[in-house]
Structure formats: C-alpha cells, structure tokens
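Okay, here's what each chain looks like letter by letter:
There are 2 protein chains.
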Amino acid sequence: MKIAILTIGDELCIGQIINTNAAWMAQACTEIGGIVLRHITIKDGIDLLLNELHSLKKEYDCILMSGGLGPTHDDKTKETLLAYFNDALILHEPTLDSLKTRARLRGLPLNQRNMDQALVPSTCTVLENPRGTAPGMLFHVENVIYVSLPGVPSEMKGIMQDHVIPFLRKHIEQEQGKIPYYHTILTKGIPESALADLIGEPDLFLQKDESLAFLPSYQGVRLRLGILSIDPIQAQQRLMEIQAFLKNVIGEYVYGFGKASLLSVTTDLLIQKQCTISVVESCTGGLLGAEFTKQSGSSAYFIGGLQTYSNDLKMQLAHVAPESLEHFGAVSKEVAEEMAIGGRKVLKTTYCLSITGIAGPDGGTQVKPVGTVWIGLASEHEVVSKRFNFGNDRAINRERSVMQAIAMLHDALVS
Amino acid sequence: MKIAILTIGDELCIGQIINTNAAWMAQACTEIGGIVLRHITIKDGIDLLLNELHSLKKEYDCILMSGGLGPTHDDKTKETLLAYFNDALILHEPTLDSLKTRARLRGLPLNQRNMDQALVPSTCTVLENPRGTAPGMLFHVENVIYVSLPGVPSEMKGIMQDHVIPFLRKHIEQEQGKIPYYHTILTKGIPESALADLIGEPDLFLQKDESLAFLPSYQGVRLRLGILSIDPIQAQQRLMEIQAFLKNVIGEYVYGFGKASLLSVTTDLLIQKQCTISVVESCTGGLLGAEFTKQSGSSAYFIGGLQTYSNDLKMQLAHVAPESLEHFGAVSKEVAEEMAIGGRKVLKTTYCLSITGIAGPDGGTQVKPVGTVWIGLASEHEVVSKRFNFGNDRAINRERSVMQAIAMLHDALVS
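Residue numbers (the numbering used here), protein chains in the order written: chain A, 1 to 415; chain B, 416 to 830.
Quick caveat, the hints were computed from the structure, so don't treat them as lab data.
Accuracy of the hints is not assured; some may be wrong.
Claimed, not checked - List of simulated lysine to any residue pairs, SDA-like, C-alpha gap at most 25 Å: (1) B/LYS623 <-> A/ASP74; (2) A/LYS294 <-> B/LYS493; (3) A/LYS294 <-> B/ALA822; (4) B/LYS603 <-> A/ALA103; (5) A/LYS2 <-> B/TRP439; (6) B/LYS688 <-> A/ASP362; (7) B/LYS472 <-> B/ASP612; (8) A/LYS294 <-> B/MET823; (9) B/LYS709 <-> A/GLN295; (10) A/LYS57 <-> A/ILE46; (11) A/LYS43 <-> B/GLU588; (12) B/LYS458 <-> A/GLN295; (13) B/LYS760 <-> A/ILE46; (14) A/LYS259 <-> B/ASP777; (15) A/LYS43 <-> B/LYS801; (16) A/LYS157 <-> B/ILE560; (17) B/LYS603 <-> A/GLN112; (18) B/LYS603 <-> A/THR101; (19) B/LYS458 <-> A/GLU59; (20) B/LYS458 <-> B/GLY485; (21) B/LYS801 <-> A/LEU105; (22) A/LYS100 <-> B/GLY779; (23) B/LYS472 <-> A/LYS100; (24) A/LYS157 <-> B/ILE432; (25) A/LYS43 <-> B/TRP439; (26) B/LYS493 <-> B/ILE432.
As the list claims (entries may be wrong) - Now the stretches of chain A that chain B is said to cover, found in silico as 3 or more residues with beta-carbon under 8 Å: (27) 175-183; (28) 388-402.
Even for Gly, the Cβ is constructed at its ideal location relative to N, Cα and C.
Turn these sequences into a full structure, and let the hints steer you where they fit.
As structure tokens, this is what we get:
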C-alpha cells in the first residue's frame with residue numbers, strides 16, 4: 001500500500017509550528033507495513049487541496065490528511081472534500097449527541113460553529129473523535145483510501161489508533177499477504193558505532209525479509225528487529241531466535257525490550273524490590289519528579305521531592321552545609337551528594353536522586369562550563385555521584401540530566 | 416518568490432525523525448518575504464529526486480533542499496544534481512583545505528569518502544560549511560534558484576544564515592514588490608469558536624492582501640494578522656490599526672503580542688514587580704517548577720518548591736492539616752489552598768502556586784472524576800483556588816494544569 005501524508009495549514013507551511021503529525025502518522029503506517037513515499041504540506045485553501053488530491057490519487061493507494069477541520073473560516077478541508085467527491089453534507093446524529101454531552105459536562109454553550117462539526121459528507125465513514133469536536137472522515141473511492149483527520153495531535157493520534165490503523169492493517173494484510181512484525185531491544189551505555197562493531201555484519205545472521213535498524217536517542221540505542229511474514233507465530237519465534245543471538249553478544253548493555261523505556265524498567269524494579277524514590281532538584285526545577293510521575297501508578301514508588309533552586313533552599317530544605325556551597329559551589333560533587341543524602345533523610349525514601357548543574361545558555365565559567373551537571377544518588381549505605389556535560393542547550397541539558405539520573409538509579413537497582 | 420522546501424531522507428519519510436528542518440527553513444524564508452507554498456519530503460533515490468525537481472521547477476522560483484549530502488552509499492543528492500544539470504564534478508580547493516584542517520585539528524585521518532566531499536558540480540556556487548564536511552550548493556538556472564544543503568540541522572542553519580538568506584533577501588527585494596508582514600495577538604481564557612464569534616466576519620474589517628488566522632493551543636488561541644505590502648512602515652501602521660480594532664472587541668482576553676508566551680509575559684511581570692514565585696506540586700510531580708525554570712534567568716523569580724506527592728509530605732513539608740486531608744481528601748479546595756499557604760510560608764516567596772489533582776487514567780470517583788484538578792494561589796493577603804477538569808489523558812491533564820496555574824498567576828499579576 002503506497003501512502004502519501006498530506007498535512008494542511010498555513011502555520012505549518014510558514015514554519016510557525018513543527019510538523020510532528022506527519023512523522024507520527026508515517027511511523028504508525030510504516031509499522032503495519034504501509035509504504036510511506038511522500039509527505040506534502042500545503043496551505044489552507046480549496047484549490048490547493050483539490051489539485052493535490054487530483055494529483056496524488058493517480059499514484060497512491062492511500063492519502064492521509066490532517067488539518068483544516070476546525071470551526072473557523074480558514075478551515076477548508078471539509079468543503080474541499082465535498083467538492084472533490086461531489087458530495088453533500090448530512091447531519092451525523094452520534095457526533096451531535098457527543099458534542100452536546102461534551103458541552104454540558106464542561107458547562108459551555110454549544111454555538112452554531114460547533115454544531116456544524118456534526119455535519120459530514122454523506123458518503124464518508126465517520127471516525128469518532130471523543131477528544132475533540134471535529135470527527136475524522138474516511139472515503140474509499142475507486143480503490144483509493146482518503147482519510148481526513150483533525151490537526152490537533154492528540155485528536156489525530158486517537159482517531160488513528162482507534163480507527164485508521166486497524167482499517168489499514170486489515171487492507172494491507174488482505175492485499176500483500178506478508179506484513180511486518182517488529183521487536184525492539186533496548187540498550188544503554190554504549191554508542192551506536194560501538195554497538196554496530198560488536199554485532200558485526202547483520203547479513204551474517206539475518207535471512208531474507210529480515211532487518212535490523214539502529215535507532216539512537218538520548219535514552220540509548222534501540223535495536224529494531226523486523227521480519228516480513230505471513231504467519232504471526234512463526235514471525236514471533238524467529239524474532240525471539242534473533243534476540244537470543246543478539247543477547248549473547250550485547251547482553252550487558254540490554255536493559256529491556258519492546259515498548260518499555262528506561263523509566264518503566266527502572267520503576268518496575270523499584271516496585272519489585274519494594275523500594276521508594278525521592279528527588280532533590282536544582283537546575284531541572286522539577287523535571288525529574290515530573291518524569292517519575294508521568295506514568296499512572298507512580299505513587300507506588302515516588303514519594304516526593306524538593307525543588308531547591310536557590311542556595312538558601314538547598315540549605316534550609318535539604319540540609320546542605322553552607323561551607324560546601326561556599327567552598328565548592330552549588331554545582332559540585334559535594335553539594336550534589338549532600339542534596340541526595342539530606343533529601344533522603346527528609347523525604348524518607350530508599351533512594352534519593354539529586355541534580356545540580358548549569359543548564360545554560362549563560363552562567364558557565366572556565367572550570368565549570370555551561371552544561372556541567374552533577375547527579376547524586378543516596379541509598380541507605382552509600383552515596384554516589386557523577387559529573388556530566390551535555391553542551392550549552394538548556395532544554396537538552398535538562399532532558400539528558402533527567403535521563404542520566406534514571407540511568408544511575410537503574411544501575412544501582414541491577415547491581 | 417514562490418518557494419518549495421524539499422527534504423530528503425528515508426528516516427524522515429518513515430517518520431523515524433521529526434522534520435524540524437522544513438519548519439526552520441520555512442520560517443526563515445517567510446520572515447524575509449518569501450512565499451513558502453509547499454513542503455515535500457521524499458525518500459533517498461536519484462529518480463525520486465529527479466522527478467520532483469522536474470515538476471517543482473515549473474511552479475516555483477526557488478527550491479530549497481536539505482539532506483542526502485552525506486558520505487555514505489544512501490546519499491544521492493549530489494549525484495542527482497549532476498544528472499539534472501548535466502554537469503560534472505570539479506575539485507573545490509577551499510573545501511578540501513578546510514577538510515584537511517578539520518581532520519588535523521581533530522587528529523583524525525582524512526579518508527577518501529570524506530575527501531570526495533570537496534568534489535562539487537562545476538556550475539554551482541559553493542556555500543561553505545564550517546560546521547561539517549559537506550558544503551552547500553546553489554544553482555541559478557533559467558530563473559529558478561536551487562539550493563542543496565546538508566540534513567544535519569546545525570549545518571543547514573549555519574549555511575542558511577551565512578549564505579542562503581542574504582542571497583534570497585536580495586532577490587526578493589529586487590524582484591518582488593509586496594512582501595508579507597505578520598503580527599500575532601495572544602489570547603487566553605476563551606475558546607477558538609467563541610473568539611471567532613466575538614470578532615465576527617474578518618472580511619468586514621480586513622482589506623485586500625490582509626489575513627487573519629486562528630492558531631489554537633493549550634496556551635490559548637493566537638491570532639495571526641498578515642499583510643502583504645510594499646512598505647514596511649505602512650504595513651506596520653496598518654497591523655497596529657487592525658490590532659487596535661481587535662483589542663476593542665477582545666481586549667479582556669489579550670495577554671500579549673508577538674513571540675511572547677503566557678509564561679514569558681507572566682515571568683516578565685514577576686520581575687517588573689520584584690515578586691517571587693514558588694510551587695507545591697502533587698499530581699504534576701514537578702512539571703510546574705520545570706516550566707518556570709525552562710527559561711534562562713529564572714532564578715530572578717523562581718525560588719523553589721515542594722513535590723508533595725504523598726499525603727505525608729503534604730503535611731510534613733507544606734503543613735497541610737491532617738483533618739483537611741481526612742475530611743476533604745487530597746484533591747480538594749481546602750487542601751489546594753493549604754498547600755499554597757503552607758508552601759508560601761516555608762519557601763518565603765511573594766506567591767505560591769499549588770496543584771493537586773487526579774491525573775488519571777485511573778483513580779477517579781463519581782464525585783471527583785479523573786481529570787479533577789484543584790489549583791491554589793497564595794499571596795500575602797489572600798488565597799484563591801479553582802477547580803478544573805481536563806479529561807482523562809494523564810499527560811494532557813498535567814500540561815493543562817501547569818498552563819492554568821500560570822494563567823491564574825497572570826490574572827493575579829494584572830488585576
């Protein structure tokens with residue numbers, strides 16, 4: 001199935017927002033064996049979209065659109081689809097009901113603009129959108145599948161997961177027999193090139209229709225095994241075979257599999273071992289605590305933390321010694337360790353992680369350049385600390401500090 | 416000048432990485448009056464790129480490419496450009512010198528793959544790339560400008576800033592009369608459709624070459640005014656005229672203009688008024704503190720906070736009364752207010768924001784469904800609190816809680 005992804009919106013075209021939808025849709029389609037050959041972004045406008053549809057339908061089996069379904073005058077997608085399919089609007093009662101319920105629950109009036117969202121082209125399949133007001137639409141005309149989705153990422157993703165992906169998956173299975181199956185091996189503590197050297201030439205252990213991709217990120221390198229197969233059970237067996245082979249070679253760097261993350265693996269270990277964690281954060285301002293609590297059920301391991309942004313609060317709340325701040329500075333091994341030790345006592349947890357650093361882009365010195373971060377980890381019998389430097393981008397610095405803190409906790413839990 | 420942005424790479428097409436280059440290039444071109452009408456992303460491949468160039472040159476004055484210039488076998492852009500322009504490679508001595516210097520400084524050998532980067536099509540203008548190994552290339556053939564840049568974002572941006580933008584700006588100035596000017600009005604506390612109702616039909620107050628776009632987000636709806644003009648001063652005056660008209664109608668919802676955000680406007684007010692802020696967070700786990708500290712210079716207003724995830728810590732650190740937790744529950748007006756009052760005393764700040772809620776997706780009850788959030792704001796003389804419900808998506812819930820907390824602080828600072 002050849003797929004084109006068509007994202008619509010002036011704000012995308014002029015670069016006011018980054019197009020995250022196209023990548024998300026492309027990845028979701030690729031995972032079920034769709035072949036995404038092209039992304040196109042155009043401005044809002046009936047003629048622009050009409051031209052694009054007329055030209056794309058000649059080459060593609062599926063055109064996935066997002067954007068232009070809002071209630072205001074610059075949203076033209078529905079109007080364009082009516083013209084393109086020579087269709088007329090009808091009222092979709094379930095959507096109107098859901099709009100009414102939504103409005104009632106939020107105590108908001110339902111104006112005409114919103115009610116118009118329940119009008120849909122008569123020939124489309126309506127794709128419910130419980131997260132927003134504009135439903136998705138699916139047309140299947142002359143062997144081409146057209147899907148139109150809202151531009152709001154959470155709404156687009158919800159409709160893709162609930163309706164579009166299952167629909168496309170079934171089609172792909174019927175048409176091409178073989179569909180892809182994937183399995184991911186998660187590694188940490190080793191760069192991509194060193195991992196590739198260890199693993200060696202993939203052709204030596206992979207057969208036809210099998211693939212191995214390296215996906216590097218801040219969280220470590222993920223290895224994605226792929227296999228094209230007509231048989232899910234056979235595919236699964238073969239994936240496990242390859243995984244076993246790879247674990248023999250790179251096992252010490254493997255921390256998990258599949259959709260797990262370093263966070264989920266680490267917090268699962270905390271729960272298993274009945275341990276708790278707390279945080280004392282300076283340059284990250286709360287980001288580490290936010291990370292630990294982004295998963296549902298986090299109260300099983302996360303107790304709380306101290307955002308000791310000022311030096312005064314480092315002393316007052318985490319009992320860091322004034323002398324340590326004075327002699328070594330707030331960004332130092334000594335202060336990081338005292339923050340972790342003090343936080344652990346105050347917050348009464350098995351482990352306490354601390355982060356103190358110069359997030360940037362200003363504030364660096366010769367000895368402690370921007371990006372210098374100390375991370376401490378206190379447990380009952382010891383405190384460990386590490387120095388990092390992630391460069392001078394403030395946001396990247398903070399994100400990587402959080403990931404490294406979790407990696408240090410993971411190290412402690414598996415050692 | 417009609418511009419198409421063409422990004423090249425398998426990893427973009429299958430959605431493995433998000434296309435930040437396209438947005439960056441589009442924004443840079445739009446700011447100098449280029450009209451970006453289309454973004455296209457295609458896989459690596461000579462025929463794909465040849466087809467695209469043949470079709471784009473019919474409609475566009477400028478084709479900006481990024482990607483496919485690396486040293487490995489899947490990088491095909493240079494080879495394609497040679498075929499497209501029927502050109503031949505020549506050695507570009509300054510590039511070779513710079514490659515040699517680079518290699519020497521880093522103590523790395525210069526292999527053939529890298530030296531080949533100094534071979535360029537004979538008819539192109541070479542755009543130096545001090546940040547990487549592949550130089551950019553510019554062709555000006557039959558009134559179409561073709562620019563090919565590396566896909567590495569920092570290298571692409573450097574060459575754009577140093578060479579491409581100045582070149583395009585000169586062309587646009589010479590060739591084009593009208594160029595676009597933009598101005599953004601930032602609103603909060605009103606949904607897109609209600610705002611559109613208040614403003615009414617844009618055609619009634621906009622003239623030819625003027626536009627109004629609604630850009631909704633969690634932070635509120637941004638209104639982008641656009642105007643095509645030959646005269647920057649006149650354009651600016653007219654934008655201010657339209658802004659004045661709109662402020663009359665929707666002024667109470669306007670919190671700022673241009674590139675500001677609710678966060679930056681709010682923290683600017685804190686600094687102006689010499690006020691400080693602290694936070695006491697439960698369901699957001701630190702996300703509000705992380706938001707306040709994501710800007711450089713945040714120590715001017717943000718002192719710190721307490722991540723009181725457990726009830727014990729709400730009592731121990733923020734001095735919430737045990738009776739309040741028992742009678743009203745952790746997610747209640749009373750507890751939110753006590754958290755803010757207690758936090759303000761402990762952390763010694765002008766204002767203290769508290770957030771306590773049921774982030775979801777589990778943990779709701781009939782009376783307090785998932786998504787129920789109480790936000791408190793304590794100042795010297797009073798404490799205010801508000802109840803929200805943002806639905807059952809944990810991540811959205813937490814993000815919107817953070818935005819609403821900042822909105823409450825903004826309200827307090829402007830009232």
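How the hints compare with the structure:
A hinted pair counts as satisfied when its Cα atoms are at most 25 Å apart, and B/LYS623 with A/ASP74 qualifies at roughly 16 Å. Among the hinted pairs, A/LYS294 with B/LYS493 is inconsistent with the structure: their alpha-carbon atoms are about 45 Å apart, more than 25 Å. Taking the CA atoms of A/LYS294 and B/ALA822, the gap is about 22 Å. The hint holds against a cut of 25 Å. A threshold of 25 Å between alpha carbons decides the hint, and for B/LYS603 with A/ALA103 the separation of about 19 Å falls inside it, so the pair holds.
Proposed proximity of A/LYS2 and B/TRP439 is contradicted: the alpha carbons are some 28 Å apart, above 25 Å. For the hint linking B/LYS688 to A/ASP362, the alpha-carbon distance of about 24 Å falls within 25 Å, and the restraint holds. Note on B/LYS472 and B/ASP612: the hinted pairing is violated, with a Cα-Cα distance of about 42 Å set against a maximum of 25 Å. In summary, the hint linking A/LYS294 to B/MET823 is supported, as the alpha carbons are separated by about 23 Å, within the 25 Å threshold.
A distance of roughly 22 Å separates the Cα atoms of B/LYS709 and A/GLN295; the hinted pair therefore holds under the 25 Å criterion. For the proposed pair A/LYS57 and A/ILE46, the alpha carbon gap of about 17 Å is at most 25 Å, so the pair holds. Taken as a hint, the A/LYS43 and B/GLU588 pair is honoured in the structure, with Cα atoms around 23 Å apart against an allowance of 25 Å. Between B/LYS458 and A/GLN295 the CA atoms are separated by roughly 36 Å; this puts the pair beyond 25 Å, and the hint is violated.
Between B/LYS760 and A/ILE46 the CA atoms are separated by roughly 58 Å; this puts the pair beyond 25 Å, and the hint is violated. Annotation: proposed proximity of A/LYS259 to B/ASP777 holds, straight-line Cα distance about 21 Å (limit 25 Å). With a C-alpha separation of about 39 Å, the suggested pairing of A/LYS43 with B/LYS801 is violated against the 25 Å cut-off. In summary, the hint linking A/LYS157 to B/ILE560 is not supported, as the alpha carbons are separated by about 37 Å, beyond the 25 Å threshold.
At most 25 Å may separate the alpha-carbon atoms for a hinted pair to count; B/LYS603 and A/GLN112 meet this at roughly 22 Å. This hinted pair checks out: B/LYS603 and A/THR101 have alpha carbons roughly 24 Å apart, not beyond 25 Å. Our distance criterion of 25 Å between C-alpha atoms is met by B/LYS458 and A/GLU59, whose separation comes to about 15 Å. At most 25 Å may separate the alpha-carbon atoms for a hinted pair to count; B/LYS458 and B/GLY485 meet this at roughly 14 Å.
Between B/LYS801 and A/LEU105, the direct Cα distance comes to roughly 17 Å. Compliance with the 25 Å bound is thereby established for this hinted pair. Among the hinted pairs, A/LYS100 with B/GLY779 is consistent with the structure: their alpha-carbon atoms are about 23 Å apart, no more than 25 Å. Between B/LYS472 and A/LYS100 the CA atoms are separated by roughly 49 Å; this puts the pair beyond 25 Å, and the hint is violated. With a C-alpha separation of about 17 Å, the suggested pair A/LYS157 and B/ILE432 falls inside the 25 Å cut-off, and the hint holds.
Our distance criterion of 25 Å between C-alpha atoms is met by A/LYS43 and B/TRP439, whose separation comes to about 16 Å. For a cut-off of 25 Å, the pair hint linking B/LYS493 to B/ILE432 stands: about 22 Å separates their Cα positions. Given a C-beta distance limit of less than 8 Å, the hint that chain B covers the stretch 175-183 of chain A is violated, as 0 residues qualify and 3 are needed. Coverage of the stretch 388-402 of chain A by chain B holds. Counting CB-CB distances below 8 Å, 3 residues qualify, and the rule asks for three or more.
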